[in-house]
Amino acid sequence: MMVTNAINGLDNLGQFARFVFRSIAASVESCRKSATYPLIWTQMNIIGVHSVPIVMVTGAFVGMILAIQAYDQLAAFGAEEHLGVLINISVVKELGPVLAAVMLAGRIGGALTAELGTMKVTEQIDAIKSMGTDPVKYLVAPRVLACLLLAPFLIIFADLLGIIGGYFVSVIHFGINSRAYWTFSALGVELWDVAIGVIKGFFFGAAIAVISCYKGFTCKEGAHGVGQACTEAFVASFISILALDFALAVFFKAIYNTLWPVKSLI
Amino acid sequence: MIAEEKNNQAGSVDSNGVIVLKNLTKKFGKKLVLDNISLSIEKGKTTVIIGPSGCGKTVLLKHLIVLLRPTSGNVYLDQRRIDNLNEDELNQVRTRYGFLFQGGALFDSISVFENIIFPITQHYKITNWEEIDALVKNKLTMVGLDGFQKFYPAKLSGGEKKRVALARAIALNPELILYDEPTTGLDPIRSDVINELILKLQRELGVTSIAVTHDMTSAYKIADRIVMLHKGKILADGDADYIRNHPHPIVQQFIHGQIDDEDLLSLQSNETTSPSQFVSQNSKN
Ligand SMILES: Nc1ncnc2c1ncn2[C@@H]1O[C@H](COP(=O)(O)OP(=O)(O)OP(=O)(O)O)[C@@H](O)[C@H]1O
Ligand SMILES: [Mg+2]
Numbered sequence: 001m002m003v004t005n006a007i008n009g010l011d012n013l014g015q016f017a018r019f020v021f022r023s024i025a026a027s028v029e030s031c032r033k034s035a036t037y038p039l040i041w042t043q044m045n046i047i048g049v050h051s052v053p054i055v056m057v058t059g060a061f062v063g064m065i066l067a068i069q070a071y072d073q074l075a076a077f078g079a080e081e082h083l084g085v086l087i088n089i090s091v092v093k094e095l096g097p098v099l100a101a102v103m104l105a106g107r108i109g110g111a112l113t114a115e116l117g118t119m120k121v122t123e124q125i126d127a128i129k130s131m132g133t134d135p136v137k138y139l140v141a142p143r144v145l146a147c148l149l150l151a152p153f154l155i156i157f158a159d160l161l162g163i164i165g166g167y168f169v170s171v172i173h174f175g176i177n178s179r180a181y182w183t184f185s186a187l188g189v190e191l192w193d194v195a196i197g198v199i200k201g202f203f204f205g206a207a208i209a210v211i212s213c214y215k216g217f218t219c220k221e222g223a224h225g226v227g228q229a230c231t232e233a234f235v236a237s238f239i240s241i242l243a244l245d246f247a248l249a250v251f252f253k254a255i256y257n258t259l260w261p262v263k264s265l266i
Numbered sequence: 001m002i003a004e005e006k007n008n009q010a011g012s013v014d015s016n017g018v019i020v021l022k023n024l025t026k027k028f029g030k031k032l033v034l035d036n037i038s039l040s041i042e043k044g045k046t047t048v049i050i051g052p053s054g055c056g057k058t059v060l061l062k063h064l065i066v067l068l069r070p071t072s073g074n075v076y077l078d079q080r081r082i083d084n085l086n087e088d089e090l091n092q093v094r095t096r097y098g099f100l101f102q103g104g105a106l107f108d109s110i111s112v113f114e115n116i117i118f119p120i121t122q123h124y125k126i127t128n129w130e131e132i133d134a135l136v137k138n139k140l141t142m143v144g145l146d147g148f149q150k151f152y153p154a155k156l157s158g159g160e161k162k163r164v165a166l167a168r169a170i171a172l173n174p175e176l177i178l179y180d181e182p183t184t185g186l187d188p189i190r191s192d193v194i195n196e197l198i199l200k201l202q203r204e205l206g207v208t209s210i211a212v213t214h215d216m217t218s219a220y221k222i223a224d225r226i227v228m229l230h231k232g233k234i235l236a237d238g239d240a241d242y243i244r245n246h247p248h249p250i251v252q253q254f255i256h257g258q259i260d261d262e263d264l265l266s267l268q269s270n271e272t273t274s275p276s277q278f279v280s281q282n283s284k285n
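If you're matching them up, the sequences are chains P and B in order. Counting in our numbering, the first sequence runs without a single skipped number right up to 266 at its last residue. Counting in our numbering, the second sequence runs without a single skipped number right up to 285 at its last residue.
Hints may be right or wrong, so weigh each one.
Claimed, not checked - Label pairs and their computed distance ranges (CB to CB):
| # | chain 1 | residue 1 | chain 2 | residue 2 | range |
| --- | --- | --- | --- | --- | --- |
| 1 | P | ARG107 | B | PRO52 | 43 to 51 angstroms |
| 2 | B | LYS31 | P | PHE251 | 45 to 53 angstroms |
| 3 | P | GLN15 | B | ARG203 | 43 to 51 angstroms |
| 4 | P | ARG18 | B | ASP239 | 43 to 51 angstroms |
| 5 | P | ASN45 | B | ARG244 | 57 to 65 angstroms |
| 6 | B | GLY144 | P | PRO38 | 30 to 38 angstroms |
Hints were generated in silico from the structure; no laboratory data involved. Computed from a predicted model, the values in this text were never measured in an experiment. Don't be surprised by glycine CBs; every beta carbon is placed ideally from N, CA and C.
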């Protein structure tokens with residue numbers, strides 16, 4: 001029993017790896033073919049436009065909550081003017097990207113899985129194949145590219161609103177001097193911090209799309225199968241966002257340390 | 001008990017057909033669906049596959065275009081083995097086919113018009129849209145649905161979906177067309193229109209057709225050859241007259257739509273179960 005489970009697990013892993021590889025190859029190829037641009041554009045509209053408000057709301061609340069929670073600790077030793085650094089660095093480096101990605105996984109991942117899963121069980125994916133078209137090229141590549149291109153934008157929106165939310169609570173509610181707030185923020189937050197937050201978006205977006213499409217493609221028969229695939233897609237996307245976040249944090253830290261060895265000691 | 005047809009013995013299959021199956025076996029997990037089938041499809045002819053529901057007709061048809069891969073055995077197209085090709089190579093091969101799915105498999109997020117031009121847009125760069133409009137009109141007229149271009153599949157009846165799917169399958173004028181139950185769900189007149197269309201495609205364009213059907217009227221009308229599947233094997237194989245006069249009782253029962261004794265018995269044994277045996281959930285006791 002254990003052995004068959006292990007073999008099945010490995011088999012699925014191999015299948016997933018092959019799917020990832022084919023998706024990447026198809027996406028790269030799509031970039032070079034202008035015929036697929038309209039498909040990517042359609043997906044970007046579906047994915048992007050309607051995700052902006054929810055991502056902005058999330059960002060704003062995160063900024064405001066951080067301000068409320070951190071104020072007392074900093075005020076205790078008279079460092080409340082540093083609140084801006086704390087809020088802004090948390091938002092642009094971690095919370096903005098991760099929460100925007102999680103929102104995207106919930107909003108888009110589920111929809112992608114359900115759409116492709118339904119196409120699978122109604123034989124529409126087989127129909128695409130029967131007409132000599134690769135469903136990975138036609139269905140997966142545009143979705144992966146759309147998610148990959150949009151996730152960084154959504155992160156920028158989340159960051160922006162997080163910063164504004166934090167500012168409102170700090171300056172208007174707690175009455176911190178606005179100028180000091182921004183000066184310390186500017187000193188503490190580097191362009192590098194913002195950049196890695198946004199770059200993470202490419203990875204998160206691609207991971208969400210590939211996982212969700214894979215779950216749709218391997219969906220089991222029936223309404224229950226589609227529902228189950230959506231749940232699995234969200235859980236897998238969520239875990240992989242966190243795992244990627246960790247891996248990228250380690251990676252970027254190493255780069256930072258080699259580029260600016262002295263700064264990291266301060 | 002069931003004697004296989006002679007020409008279906010392993011190795012003796014004529015390998016000159018357009019599509020040839022050699023010793024094809026398909027299992028889903030432990031379930032054996034196709035059991036060592038060998039079949040050669042002759043070019044330019046219409047082959048009809050009949051058999052009881054669930055006997056593996058759709059599975060067989062999907063192997064002919066390698067939408068399913070055999071558990072063992074081979075599929076050949078023009079003497080070239082195709083069951084082991086990778087997806088890219090297969091896509092090349094599949095442009096020669098048209099496939100009508102049992103459930104239609106129309107793309108439900110795009111209109112009828114876009115469904116029909118899908119195979120065209122995938123393989124050609126469209127420059128002359130008037131020509132495309134005319135082509136779509138022509139294909140839809142063939143299936144009696146001109147004027148439905150702007151409809152979405154969700155708004156069509158079951159039979160209409162089937163016919164749009166047929167129009168899509170023949171959009172690229174394929175040389176091989178696989179029909180999975182082309183007339184199921186259609187009224188008798190529409191069925192006959194589709195029968196005529198299948199015949200016309202064969203006569204005028206020399207198309208090789210393989211049709212799965214339960215509809216014996218349709219089978220007799222279009223078939224050059226009828227193959228009957230039963231329990232994963234080929235039970236009978238020959239022209240319409242041969243099948244009509246086939247001595248095997250299962251073949252006779254099937255083509256005349258007669259229930260066999262076993263099924264009759266199982267129905268009778270259920271007669272003792274009547275609703276009065278069940279206690280209504282609403283009754284207070
Ligand atoms: N993907 C699959 N996984 C598991 N079993 C399958 C699969 N596809 C088909 N089967 C099984 O194979 C058998 C044959 O199925 P198939 O669809 O070929 O029947 P059919 O002869 O076309 O029946 P019908 O006339 O009702 O369409 C069925 O018992 C079905 O349960
Ligand atoms: Mg079938």
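Would you list, in rising numerical order, the hints stated earlier that this structure does not obey? Going through the list in order, the structure violates no hint and respects every one.
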